[in-house]
Amino acid sequence: AAAAAVGPGLGSGPGDSPEGPEADAPERRRKAHGMLKLYYGLSEGEVAGHPAGPDPLDPTDLNGAHFDPEVYLDKLRRECPLAQLMDSETDMVRQIRALDSDMQTLVYENYNKFISATDTIRKMKNDFRKMEDEMDRLATNMAVITNFSARISATLQDRHERITKLAGVHALLRKLQFLFELPSRLTKCVELGAYGQAVRYQGRARAVLQQYQHLPSFRAIQDDCQVITARLAQQLRQRFREGCSGAPEQAECVELLLALGEPAEELCEEFLAHARGRLEEELSSLEAELGPSPPAPDVLEFTDRGGNGFVGGLCQVAAAYQELFAAQGPAGAEKLAAFAQELGGRYFALVERRLAQEQGGSDNSLLVRALDRFHRRLRAPGALLAAAGLSESATEIVERVARERLSHHLQGLKAAFLSSLTDVRQALAAPRLAGKEGPSLAELLANVASSILSHIKTSLASVHLFTAKEVSFSNKPYFRGEFCSQGVREGLIVGFIRSMCQTAQSFCDSPGEKGGATPPALLLLLSRLCLDYETATISYILTLTDEQFLVQDQSPVTPVSTLCAEARETARRLLTHYVKVQGLVISQMLRKSVETRDWLSTLEPRNVRAVMKRVVEDTTAIDVQVGLLYEEGVRKAQSSDSSKRTFSVYSSSRQQGRYAPSYTPSAPMDTNLLSNIQKLFSERIDVFSPVEFNKVSVLTGIIKISLKTLLECVRLRTFGRFGLQQVQVDCHFLQLYLWRFVADEELVHLLLDEVVASAALRCPDPVPMEPSVVEVICERG
Amino acid sequence: MEDDAPVIYGLEFQARALTPQTAETDAIRFLVGTQSLKYDNQIHIIDFDDENNIINKNVLLHQAGEIWHISASPADKGVLATCYNKTTDSRVQACAAVWRMPKELESGSHESPDDPASTAQTLELLCHLDNSAQGNVACVVWEPMGDGKKVISLADSHILLWDLQPSSSQAVLASSATLEGRGQLKFTAGRWSPHHNCTQVATASDTTLRGWDTRSMSQIYCIENAHGQLVRDLDFNPNKQYYLASCGDDCKVKFWDTRNVTEPVKTLEEHSHWVWSVRYNHSHDQLVLTGSSDSRVILSNMVSISSEPFGHLVDDGDISDPEEHHAEKSKEPLQDNVIATYEEHEDSVYAVDWASADPWLFASLSYDGRLVINRVPRALKYHILL
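Here the protein sequences come in this chain order: A and B. Per our numbering: the first sequence = residues 25 to 805. Per our numbering: the second sequence = residues 565 to 950.
So here's chain A without its partners, still in its complex pose (with noise of 0.2 Å):
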């Protein structure tokens, strides 16, 4: 009974099947069921052995969907004990009472929302009805509007069709108004001198007139407006061409004669040509001051005229033309740059004339003045004419005129150098005249290195002008460096010095060879001023030019151990050549006065010959000169033991009545032994060998020339036995006054000797004279 009541309380259950027509359905779902998943390869078997969830088909599940009661019961029936039954009915009961309860619920909730509904359709029946009658009412009402409104327009057609024609011809009309006053119009601006109106005007027609010209009337307006236009576009030209109208102005003829369609190029053209008549004027007034007389006013007034009235005309064209014809690209411009070109370079020729007058000046502030605004001004239309290179080539200018003021200022501090040795020279020469005690040759020394530091220095500071801050070039790459380095310190200082001590050097090759032309105090004055440069000088105004162009410059310079080493040199040149040429003198005396006597019939010597006083004269008048420039140097150490022993050799050998053993009439092979003897023992006498800067060295160079001479000329000579004593008498005078002047007194000594000996060879009749005969002589002469 349980059964029976749960069945069909279950299938009325929502959501529950119908039992009867399906029951073969499980068949055919699992069938298909089965089909599928033969398909998708799952086996039945796995299926069903699958332990996890409950079997869907288990017919004794209470809640799926093949529930069998039949089955169910059994089972339960079969299983179960009594208690167990007893409790799953109980408990069946009150699920089913549950279940019963739920339903009705539902079906009271939902009875109240069936009613509502079924009045709400019955309610919109009835509307609709109303509706449908009102739209059938609306459908004829349109018909007949529909019919009415056709009927109207049919009438207003043609109206409206006449209308739209007469406001076109309206239109037309004011135009065809407008073309026929066009030419009075425009020759009312014309006369006006509302050129900009016309132009307007002139550009509306235009198109009109050019596309209906085939009709006479419009032919005639536009040949009336064409003569107008051509007469407009001449007063525009007029007015353009006309000089007093501005810049401005002008700019803006140019404007409305290219919207009256000029061609541009000839624009461009005319407004270049008249801006150069302008610019030209200004140059011609440039040149007018440069003129063939000296240029009135000074640099700086003409460089900044030059500057306002044609830099600044120029600024002001080429700004107009960049407006005004910026449509034109790259061939405008182009063009404008040459015009800019080839003004600039006939203003720079103007300029660089008018600098080149100013080359001999000697005010270096005004000309860098001049130059700075020069420069300056030309920097705006530097900036307006990139291509045009203004600025570059007035840098150019510049710097051409910076070196041009270099070798300018080289040539003067040569010409200073050169005046100052003519001072020297004629400072040497004039006390003689006078008579009167001149300047010593210290204090022409003084003056000279004075009057030359103080020119280096001015040219200096002149220079330095053009690198001073305030001017506008002096940060350009050329004047930051090479400028510098290579024009100042190289070009200008280095260059200097090079040439002093080249015109020093000449004095020691052309004219020395007869050893006149050159006074020979002046060669010793040379030597010492290069050897002061060598010690100090250079290095003095080498440091105070790096310090006053600091020179950033990486090229190399020539450094001062160089400089200073060629001063040396040519010091040491001007030494050596004093020394050949007073050696020279002093041995033309000599040689003269050997050669000119005759030595074999010469009387008894009285006294000593008096060109060897004037030897000695004119060697202490040398000893005094070099003195006063030179130290005193150092002499060999008097160390008793040679002194003694050459002197010995000198003086003993008189004594004894023997002059030397030398001549002695013994064996021939006796002369040669005790000579060669004797030259075992000395050393090599360099006569013209370099000498060194002190007074002893020059004295001892010009010593040893002169006894060397004396010595080669003896040895030409046959002497007669009072030949040889005069001989012997003059280099014992000589010994006595010229042991002083040398290094070593040895020297002397032994030249000395070598004349004596080599008199004493020449003479058939050697008797030498008593040494305290000579001795008297000597001491009385």
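Think of the hints as simulated: they come from the structure by calculation, not from any bench. Cβ coordinates follow ideal geometry from the N, Cα and C atoms, glycine included. There may be inaccurate statements among the hints.
[To be verified] Computed far set for chain A versus chain B, every beta-carbon distance over 12 Å: (1) N134; (2) N471; (3) L489; (4) Q529; (5) D570; (6) E655; (7) G657; (8) P790.
[Unchecked claim] Looking from chain B toward chain A, a few residues come up when the C-beta cut is under 7 Å (computed): (9) L601; (10) S654; (11) V656; (12) S857.
[Unchecked claim] Taking lysine-lysine pairs in the BS3-like style, the calculated list, with each CA pair at most 30 Å apart, reads: (13) B:K621 x B:K650; (14) B:K602 x B:K667; (15) A:K481 x A:K493; (16) B:K945 x B:K621; (17) B:K650 x A:K616; (18) A:K637 x B:K750; (19) B:K602 x B:K650; (20) A:K616 x B:K750; (21) B:K804 x B:K830; (22) B:K945 x A:K616; (23) B:K602 x B:K621; (24) A:K137 x A:K147.
Given the structure of chain A, go ahead and fit chain B onto it with the hints provided.
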């Protein structure tokens, strides 16, 4: 390559005069004349045996006086000319004479006797070249290529051309010219040019060099102020006809192109005192020898102004390998330089000369009577030859 040591020979007397025996082409022989006022002067005939490095000498007496200059005939080995001083009571007279040496000494190789004084032979006087009116004779020069019949002597300011008669027994004054100018002009030296058919002679007087045409005895060029001071000697380049060298008291040696008398071609300033003698090598004119009173002899290599400025020219047949030849040429140094300075002398060197038979050998003579025979360094010799 060790160079042979110099050979030194000592004379007893002072000496200034030195000449090679020009006519001798096989043996190396020099003639040296002595200067002594007290003893008989001598002419030493110095034979040099190159292979054994031995000197043989023969002494001839020259009793006429002290010898200032000596020159040997280019044609006859036995003939020589000397300039000598004749001292009478209070006068010194410089004369010149042509002499013949004894036949057996002409070709040397004579064993030198142990005692020179006893067997010294005398020269045979051929003729005197003096003309006392013309003044003191400074030097005598032979016509270099001739037959030994023409001689020029320089006496004070006169230049005299003599014709020697056959057998040289008499000298006839053929022509003469006189130097004119201010003051007392004296010739100091002269040389006969080997070029132009031997028609040119150059002389030195004071600081001036003069060229003379021997046919007309007229001056053809004049180098004023050739040296700053007295010109002591000159010599012609044997291979370049317009080139001559001069030396003087300004310590310089100058090389001249006689077509341009304003500027020397080259100037050497190596000596530290007067240069007394300058000689071109007879075959290799880049070698120039100078002697000076600073007691030095300097051998210079004046390649750049020589007749072989690019070194020895290889004959066309020898150029088998042009590349090698080229490479050799490029390494050729063209610098003029001093080859060597010889310091064997202790006194002033007044005369230097090349041997006539051997172009690599030269002699120098200093006042103390020391004769030094030297050779061109071997390295240089091979460099020039190869």
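Now for the hints, and whether the structure bears them out:
{"no.": "1", "hint": "N134", "verdict": "holds (130 Å)"}
{"no.": "2", "hint": "N471", "verdict": "holds (32 Å)"}
{"no.": "3", "hint": "L489", "verdict": "holds (46 Å)"}
{"no.": "4", "hint": "Q529", "verdict": "holds (15 Å)"}
{"no.": "5", "hint": "D570", "verdict": "holds (39 Å)"}
{"no.": "6", "hint": "E655", "verdict": "holds (25 Å)"}
{"no.": "7", "hint": "G657", "verdict": "holds (21 Å)"}
{"no.": "8", "hint": "P790", "verdict": "violated (9 Å)"}
{"no.": "9", "hint": "L601", "verdict": "holds (4 Å)"}
{"no.": "10", "hint": "S654", "verdict": "holds (4 Å)"}
{"no.": "11", "hint": "V656", "verdict": "holds (5 Å)"}
{"no.": "12", "hint": "S857", "verdict": "holds (6 Å)"}
{"no.": "13", "hint": "B:K621 x B:K650", "verdict": "holds (26 Å)"}
{"no.": "14", "hint": "B:K602 x B:K667", "verdict": "holds (28 Å)"}
{"no.": "15", "hint": "A:K481 x A:K493", "verdict": "holds (20 Å)"}
{"no.": "16", "hint": "B:K945 x B:K621", "verdict": "holds (27 Å)"}
{"no.": "17", "hint": "B:K650 x A:K616", "verdict": "holds (23 Å)"}
{"no.": "18", "hint": "A:K637 x B:K750", "verdict": "holds (29 Å)"}
{"no.": "19", "hint": "B:K602 x B:K650", "verdict": "holds (12 Å)"}
{"no.": "20", "hint": "A:K616 x B:K750", "verdict": "holds (14 Å)"}
{"no.": "21", "hint": "B:K804 x B:K830", "verdict": "holds (15 Å)"}
{"no.": "22", "hint": "B:K945 x A:K616", "verdict": "violated (44 Å)"}
{"no.": "23", "hint": "B:K602 x B:K621", "verdict": "holds (22 Å)"}
{"no.": "24", "hint": "A:K137 x A:K147", "verdict": "holds (16 Å)"}
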